[in-house]
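Can you build the whole structure from these sequences, using the hints too?
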Amino acid sequence: MQLRLGARGRTLNLRSGSGLDPAAYFKSIGLLVRNPSILLAPFAASLLQSVLMLMAGSMLSGGVIGTLNASLTQLVAQLLNSVGLAIAIIVGDIAWRRGRAGFDEAWEDARRKLPDILMAALGFNFLVFVASYIGSMFLGGIGALGLGAIALFFFIYTMPAAAIGGIPGGAALQVSLERARANVLPTLAVFVIYIGTFYILNAYATGYMFLWLTSLGAPSSSVITALTVAVIQAILSGYVALVLAKTYADISYGRRYY
696 MQLRLGARGR TLNLRSGSGL DPAAYFKSIG LLVRNPSILL APFAASLLQS
746 VLMLMAGSML SGGVIGTLNA SLTQLVAQLL NSVGLAIAII VGDIAWRRGR
796 AGFDEAWEDA RRKLPDILMA ALGFNFLVFV ASYIGSMFLG GIGALGLGAI
846 ALFFFIYTMP AAAIGGIPGG AALQVSLERA RANVLPTLAV FVIYIGTFYI
896 LNAYATGYMF LWLTSLGAPS SSVITALTVA VIQAILSGYV ALVLAKTYAD
946 ISYGRRYY
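The letter at position 244 of the sequence shown is residue 939 when you use the numbering used here, and the numbering goes up by one with no holes.
Derived by calculation from the structure, the hints in this document are not laboratory data.
Simulated DEER-style distance windows between Cβ atoms:
1) 896 / 799: 25 to 33 Å
2) 799 / 829: 40 to 48 Å
3) 872 / 899: 26 to 34 Å
4) 747 / 880: 35 to 43 Å
5) 739 / 821: 18 to 26 Å
From the three backbone atoms N, C-alpha and C, an ideal C-beta is built for every residue, glycine too.
Right, here's the structure in full:
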């Protein structure tokens, strides 16, 4: 497939590959252990999200203004998490190619691509939100989950497209849609890992961590809560970033690592 980008008519050649590499899901754990720099951006994003939520909570008000502030805060929080994941994907892509990845190189790359990453993050979160909202209007909670999951499945490569390829926001959505349609099995595997990690494992890990801290007699405070959540989010995001980076590179560019 050739994708035309921008007014100058620049084209980007993308190709479909197999992308289904079950061994990579286990190798990602080893890469994560050897490259803790993958955790830095998601960790910082989670901490910033906690600070944002605390600030928003102290300024809560009723009525339309309160609802608007809460929605805006939630949007910014989602964008922070998406940007953190995108930077982790860049680190993860370097780690797959070289075995080791330094954060400085990834950060420089991320800074150059930041406008594209932000636009892609905005488009991704907006589409998933709209799909969930439409589903809730017709089928309630089940509809929201169903349509939201469908949107996530087809646009799950949006952040890798922007982070690895520097593809602009709207085009990144298009690339994700094309990659998901052409590579159903690897996309389904990544989708299951994404859902299982961020929504199921995250809830269990956070709950058990707080129980463990309580059993040790650790004091309950917003700082400890924020740090605990940030550490768990960073680890889970780092793993998902590695899986996304590997799968996207395989199905788009035919890369083979290790």
